[in-house]
Amino acid sequence: MIKKFFDNFILKHPLKILFLLIVAVAYLGYYATKLEIDASSETLLLDNDKDLKFFREVNQRYHAPDFLLVTFKPKDNLLSQSSLDTIKELSNEFLKLDKVVSTTSILNVPLLQSPVQELTKLLDGVRTLENSQVDKTLVKNEFLNSELYKNSLVSADFKTTAILLNLKGDKKYFEILYKRNDLLKKKREHSATAEELEELKQTQKEFKEYRENIRKTDHENILAVRAIVEKYQDRGQLFLGGVSMIADDIIGFVKSDLLIYGSTLIFLLIAILWLIFRQLIWILLPILICTLSVLSTAGALGLFGWEVTVISSNFISLQLIITISIVLHLIVRYRELTQKYSHASQYKLVINTLLSKLNPSFFAIITTIAGFASLVFSGIQPVKNLGWMMSTGISISLVISFIVFATVMIVIKKVDEVSSSKFKLSLISITANLVEKRGKAIIIVSIVVVLFSLTGASKLIVENSFINYFKKSTEIYKGMEVIDNQLGGTTPLDVILTFKTDSAKPKKEKSDDEFSDFENEFAQTQDDNKYWFTVDKMEVITRVHDYLDSLSETGKVSSLATLLKVGKTLNGGKDLDGITLALLYEKLPQEYKDLILSPYISIKDNQARINTRIVDSNPKLRREELIEKINTELPKVINDESVEFRQSNLMILYNNMLQSLFDSQIKTLGFVVVILFVMFLILFRSVLIASIAIIANLVPISIVFGIMGWSGIPLDIMTITIAAISIGIGVDDTIHYIHRFHEEFKKDHNYINTMKRSHESIGYAMTYTSLVVIVGFSILVLSNLIPTIYFGLLTVIVMATMLASALLLLPKLIVLLKPYKVK
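FYI, this note's numbering numbers position 575 of the sequence shown as 1569, with every residue one higher than the one before it.
Quick caveat, the hints were computed from the structure, so don't treat them as lab data.
C-beta: ideal position from N, C-alpha, C; glycine also.
Just so you know, not all the hints are guaranteed correct.
Said to hold, decoys possible - DSSO-like, lysine-lysine: derived pairs with alpha carbons at most 27 Å apart:
1) 1181 to 1165
2) 1166 to 1195
3) 1028 to 1134
4) 1165 to 1559
5) 1225 to 1047
6) 1093 to 1181
7) 1210 to 1173
As the list claims (entries may be wrong) - Restraint ranges, calculated between C-beta atoms of paired labels, are given here:
8) 1024 to 1204: 19 to 27 Å
9) 1432 to 1408: 39 to 47 Å
10) 1356 to 1811: 23 to 31 Å
11) 1016 to 1225: 45 to 53 Å
12) 1083 to 1016: 35 to 43 Å
13) 1592 to 1024: 16 to 24 Å
Put together the whole structure using the sequences plus the hints.
Put into structure tokens, the structure is as follows:
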């Protein structure tokens, strides 16, 4: 039936078929221009994470505007006139930008202890470096010791300061985002109506368009900020930081990676193909097929709206590698038949090449798809998308490879092998000799590899700091390092306290204390908001604040307790009472209220927020242990059953994602192994051969966990995909080898001779394809993203061991266990 299909359609009308294929690719190529890149923090988060929902609620509740952060380390003293003038000039230039609403720096923050002044005077007017003549010695002391500013606005050595650029809020963006998320939740719960599903489509489209406009605006704003920063580099050391800057840079990295992977890999493929074949047709044909496959896949991604993320940024290299593997098997088989049957017609050579490689290629691709499809079990949407993207792309590659190879080859004349194109590898004869004479050594080495892998896997950690995602030469790394080590840490962690009692209302209790009588009288004449500030609440907030501050993993801790501690200093060493706090809440200017009050209390929700920043670069940081420790110890610290607490913010969300990786890895590998075993059973119709094939694949795959465990490379969003991808690609060699061994065995039923003939035939195709795969993945070391570099290096090692296993362990197991009946 397959032969009839090729005869009646593909080979009968090759030019028409090729033309129609190119038209279809051109159509998809149009959608390739609509391919989008997403580097938002949501790409690192879990679907349906309850903590994510809570985090969004908290974000809406507290005053936390988006910002960019510029760190400035002047050449002169931080409080010298030249340094202050530079900060002033920088601030003025930043304020000219459309996106910047205001700036916060040492120039305009309130000076409350330079010198210490009474609280009542603060309400009349707040002094700053900018609007007052102050004693700079007192100012320095305040910046270094005040709970408001130390390890946040200035570094401990008083050499570096931060300039905060407060950006315009965008309510519409969050309105569309929350609307989309609500509709998505209904869709996942299968409770959405037909109208809501249609509304979801429209909302998703609207969200993408609006987000794209925001990204363009943010990108232009960041370029403008960088231009300003660059102008002042001669006055000191400046770095830019902030979530939007990191997202913008990552998009730049992904675009750069896509370009580098594609262009560099094409040149390397041309060089390798020329080295192996030395014939122009065997260079042009694979490049044509690869180009059509990549264009088609990129178009399919654009058509389906699958966005490229950090995780899937290597899809072009994966696509090229898998496509070239299919084509190389076809080329090597065609050349083998040409050499064996020198007088055969082009039609006979082409049709026999196609028919002999279709079955193993089909099953090889199916197993590769199974490897990628297993990623859809992950709870991380970009990992799921990578699974769907590559499954689609591989299917496209298989179809295009066979159609283009068939149509082009049937049109041109027979390609005879030229003497200069003979590229032989001694590796083939060496491995065949080892299988025949050193079988025990192969088995022993395999056992050692398994032991190495098992012990290494026991040392695997799910821990990775965000700062270590970037090369030390990048601005992201340099800026984050300064913020992390000198300005209070980078990764935010919140503890949200909810007071269950209705303590916002005044209590009318009898008391002999005249002040208490006055307080109750005052309370009865004011809005209930003022009565929220009770002694009990203040004590709980302070205890939690101090506890978090005592942890070695935390940097800057900020909360209402920060104001309480500063207020105590201003109040002659006495704690602030409820009336004073209520008065501050009512009378303090809004700009200072947004700085020291609104981010930390929500009277309407009867909540308080204690924000801390984790020192992300701390090598001893273990996120899961820290979170569990806080959850265990906080109830004793709070010591009040009427107060509930919950941790939130990016620290929790990122840790949830990391912890899900272990479960995801088990599910992924389990799914792949089961699917592969079933595939092998269907293909080879033998439990023993299927078992041999599985063992030959699992032994080299396991080495990646051994290397990661022993070298301390953590499991993260990129390395989690290595096993599935490698086993999906590497299993191709197993299928092709067993398929050829089966055919060769029929000739003389001698296992050793069959092994040697298999090595001398399919062994070359396997080695060529593995060489291309290894070179292809080695390109990933050019990335600016460390996880991508790890992914490339580890995959290269795995693919090399997969080839070794296919040429050594696999044939040795076949020879040893003799699964075929000798007739």
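(Q) Taking the Cβ atom of residue 1016 and the Cβ atom of residue 1225, is their distance within the range 45 to 53 Å? (A) Distance hint for residue 1016, residue 1225 holds at roughly 51 Å.
Between the alpha carbons of residue 1210 and residue 1173, is the straight-line distance 27 Å or under? Status holds; Cα separation ~22 Å.
Pair hint outcome, residue 1165 versus residue 1559 [Cα-Cα no greater than 27 Å]:
Not satisfied, since the Cα-Cα distance of roughly 34 Å exceeds 27 Å.
Exercise for the section: State, for the Cβ atoms of residue 1592 and residue 1024, whether the hinted interval 16 to 24 Å holds or is violated. Expected result: 49 Å Cβ-Cβ, so the 16 to 24 Å window is violated.
- 23 to 31 Å as the expected CB spacing between residue 1811 and residue 1356, which holds or is violated: With a Cβ separation near 26 Å, residue 1356 and residue 1811 satisfy 23 to 31 Å, so the hint holds.
- Message: Given a hint of 19 to 27 Å, does the C-beta separation of residue 1024 and residue 1204 actually sit inside it?
- Response: holds (23 Å)
Review point. Taking only the CA atoms, is the gap from residue 1093 to residue 1181 under or equal to 27 Å?
Key: Outside the cut-off at roughly 35 Å; violated.
Is the hinted pair residue 1181 and residue 1165 satisfied, with a Cα-Cα distance of at most 27 Å?
Within the cut-off at roughly 24 Å; holds.
With a cut-off of 27 Å on the C-alpha distance, tell me whether residue 1028 and residue 1134 pass. Answer violated: residue 1028 to residue 1134 is near 53 Å, above 27 Å.
Taking 27 Å as the top limit, are the C-alpha atoms of residue 1166 and residue 1195 close enough?
With Cα atoms ~18 Å apart, residue 1166 and residue 1195 stay inside 27 Å; holds.
Q. Holds or violated: 39 to 47 Å for the Cβ distance of residue 1432 and residue 1408?
A. Once the Cβ atoms are compared, 41 Å apart, the range 39 to 47 Å for residue 1408 and residue 1432 holds.
| Regarding the pair residue 1225 and residue 1047, is the alpha-carbon distance no greater than 27 Å? | violated (42 Å)
Checked against the numbered hints above, the structure breaks hints 3, 4, 5, 6, 12 and 13 and satisfies the rest.
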